[in-house]
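So the chains spell out like this:
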Amino acid sequence: GDSVTQMEGPVTLSEEAFLTINCTYTATGYPSLFWYVQYPGEGLQLLLKATKADDKGSNKGFEATYRKETTSFHLEKGSVQVSDSAVYFCALRGDGGATNKLIFGTGTLLAVQP
Amino acid sequence: EAQVTQNPRYLITVTGKKLTVTCSQNMNHEYMSWYRQDPGLGLRQIYYSMNVEVTDKGDVPEGYKVSRKEKRNFPLILESPSPNQTSLYFCASSKDRTATNEKLFFGSGTQLSVL
Numbered sequence: 001g002d003s004v005t006q007m008e009g010p011v012t013l014s015e016e017a018f019l020t021i022n023c024t025y026t027a028t029g030y031p032s033l034f035w036y037v038q039y040p041g042e043g044l045q046l047l048l049k050a051t052k053a054d055d056k057g058s059n060k061g062f063e064a065t066y067r068k069e070t071t072s073f074h075l076e077k078g079s080v081q082v083s084d085s086a087v088y089f090c091a092l093r094g095d096g097g098a099t100n101k102l103i104f105g106t107g108t109l110l111a112v113q114p
Numbered sequence: 001e002a003q004v005t006q007n008p009r010y011l012i013t014v015t016g017k018k019l020t021v022t023c024s025q026n027m028n029h030e031y032m033s034w035y036r037q038d039p040g041l042g043l044r045q046i047y048y049s050m051n052v053e054v055t056d057k058g059d060v061p062e063g064y065k066v067s068r069k070e071k072r073n074f075p076l077i078l079e080s081p082s083p084n085q086t087s088l089y090f091c092a093s094s095k096d097r098t099a100t101n102e103k104l105f106f107g108s109g110t111q112l113s114v115l
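As they're listed, the protein sequences go chains A and B. Residues in the first sequence are numbered from 1 upward in steps of one, following the working numbering. Residues in the second sequence are numbered from 1 upward in steps of one, following the working numbering.
FYI, nobody ran anything at the bench for these hints, they're computed from the structure. Being a predicted model, the structure only gives us computed values, none of them experimental. Don't take each hint at face value.
Below, a list of computed lysine-lysine pairs in the DSSO-like style, where the Cα atoms sit at most 30 Å apart [unchecked claim]:
id : chain 1 : residue 1 : chain 2 : residue 2
1  : B       : 69        : B       : 95
2  : B       : 57        : A       : 52
3  : A       : 56        : A       : 68
4  : B       : 65        : B       : 17
5  : B       : 69        : B       : 57
6  : B       : 95        : A       : 68
7  : B       : 103       : A       : 60
8  : B       : 95        : A       : 56
9  : B       : 71        : B       : 95
10 : B       : 57        : B       : 17
11 : B       : 18        : B       : 65
12 : B       : 57        : B       : 18
13 : A       : 101       : B       : 65
14 : B       : 103       : A       : 68
15 : B       : 103       : A       : 77
16 : B       : 103       : B       : 65
17 : B       : 71        : A       : 101
18 : A       : 56        : B       : 103
19 : A       : 101       : A       : 52
20 : A       : 52        : B       : 103
21 : A       : 52        : B       : 95
22 : A       : 101       : B       : 18
23 : A       : 101       : B       : 69
24 : B       : 103       : A       : 101
25 : B       : 95        : A       : 60
26 : A       : 101       : B       : 95
27 : A       : 77        : A       : 52
28 : B       : 17        : B       : 69
29 : B       : 71        : B       : 103
30 : A       : 60        : A       : 101
31 : A       : 101       : B       : 57
32 : A       : 101       : A       : 56
33 : B       : 71        : B       : 18
34 : B       : 71        : B       : 17
Which stretches of chain B does chain A cover? Using the computed rule of at least three CB atoms under 8 Å from a CB of chain A, they are [stated by the list, open to error]:
id : stretch
35 : 38 to 52
36 : 103 to 115
Cβ coordinates follow ideal geometry from the N, Cα and C atoms, glycine included.
For reference, chain B alone in the conformation it holds in the complex (with noise of 0.2 Å):
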């Protein structure tokens, strides 16, 4: 089956423990990124990566790493988590990263708490 896999689903955890959000696509796309969402806000981006090897700071990056050794992998990382990092984050991917009229397919999503 097609998908998009997040872990873990729920995490709470406390400022300054580092942490990593991982995300795995079985769909040979190029494009995969990060969002949170907010009350509110609506989805903001936090990074994306258009190939193995490259990736760019989306709207909202700081506080946040990435990495995309492979092509299926697109973890995040928070080296040293805050309480505004609260929230609900999504991976996403796509086939082409240059196609507009591509759809993304997310990930069921990743609730963190930080104390």
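Same shape as in the complex, but just chain A (with noise of 0.2 Å):
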């Protein structure tokens, strides 16, 4: 079946560093893929998105490519800050059927330290 695969946490980095949060996928056909992200105590918020192939989400200064050839979905930032402190979720949707159900990494938290 679909799956999602991200890399194990904790990423612990200084304030202006560069993120990268690796994401690889399973999937047949062509999901939509989406990053998630958990701000302490809360729910999860949709941080980007892509539909299709090649396509680049971005929001917040996160950027993630839509790789088809490597089915992968890598979360980057050029300079990440306190307030990133959070737990990112991969998490794709297949488009064979109609149950709107996303299926999750395990996620990884993100600690940015002054």
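Combine both chains into one complex, guided by the hints.
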């Protein structure tokens, strides 16, 4: 079945460092891909998405490019801030059904130190 | 303000004592779903509903019940909770049940501990 694999955390960075969180997926067809962010004590929020190959999603300085050839959707940010500390989830929704089901990765905790 | 509201935020109970976690959305969304979040496992879907009176099992439905009598409400019921249901629970909704690029709106979560 469809699945998402993302890098283990925690990831600890200093402020203004470059961030990469790896995400790869397994799916048939042409899934839509998402990054969700969970700030401490809150629910998940959509950070960015891409719905077809080579699309780049971007928001709040974060970017991710849908790479079908490598089945990847890595999250990047050029200069992280303390306020970016959160858990980041990669997710996909397949195109084969009508259930609107999102399949999530296990999440990556990012801690940014001043 | 558009939101998904879950209650309670925290709940401690004992094995076998029935409980209900409420979920309500004010966006007139058709689709609603329950997830549980466990360390190392990410989020797993428990149940979902594509419209009023239409519910279906997700990946981990055992030990849970849901109902969708009104469009805005989607309560999660644990008839006889057990310690392995200790988890962080999230309710979510989206406007259209079939669109593959519709985003989910999440509630703030319910931390449940079953002793």
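Hinted pair, alpha-carbon criterion (30 Å max): residue 103 of chain B, residue 65 of chain B. Please report holds or violated.
Cα-Cα ~25 Å, so holds.
With a cut-off of 30 Å on the C-alpha distance, tell me whether residue 52 of chain A and residue 95 of chain B pass.
At roughly 21 Å apart (the allowed maximum being 30 Å), residue 95 of chain B and residue 52 of chain A satisfy the hint.
Check whether the Cα positions of residue 103 of chain B and residue 77 of chain A lie no farther apart than 30 Å.
Holds. Residue 103 of chain B to residue 77 of chain A sits at ~22 Å (cutoff 30 Å).
Hint consistency between residue 65 of chain B and residue 17 of chain B [alpha-carbon to alpha-carbon, up to 30 Å]
holds, 14 Å
Are residue 95 of chain B and residue 60 of chain A close enough, with their CA atoms no more than 30 Å apart?
holds, 24 Å
Are the Cα positions of residue 57 of chain B and residue 52 of chain A separated by 30 Å at most?
holds, 28 Å
Holds or violated: residue 71 of chain B with residue 103 of chain B, Cα cutoff 30 Å?
holds, 18 Å
For residue 101 of chain A and residue 56 of chain A, compute the direct alpha-carbon distance and say whether it is at most 30 Å.
holds, 22 Å
For residue 101 of chain A and residue 18 of chain B, compute the direct alpha-carbon distance and say whether it is at most 30 Å.
holds, 28 Å
Would the hint linking residue 17 of chain B and residue 69 of chain B be met if the CA-CA limit is 30 Å?
Status holds; Cα separation ~24 Å.
Hint consistency between residue 18 of chain B and residue 65 of chain B [alpha-carbon to alpha-carbon, up to 30 Å]:
holds, 11 Å
Given the proposed pairing of residue 101 of chain A with residue 69 of chain B, does the C-alpha separation stay at or below 30 Å?
Between residue 101 of chain A and residue 69 of chain B the Cα gap is close to 21 Å, so the pair holds against 30 Å.
In this structure, every one of the numbered hints holds.
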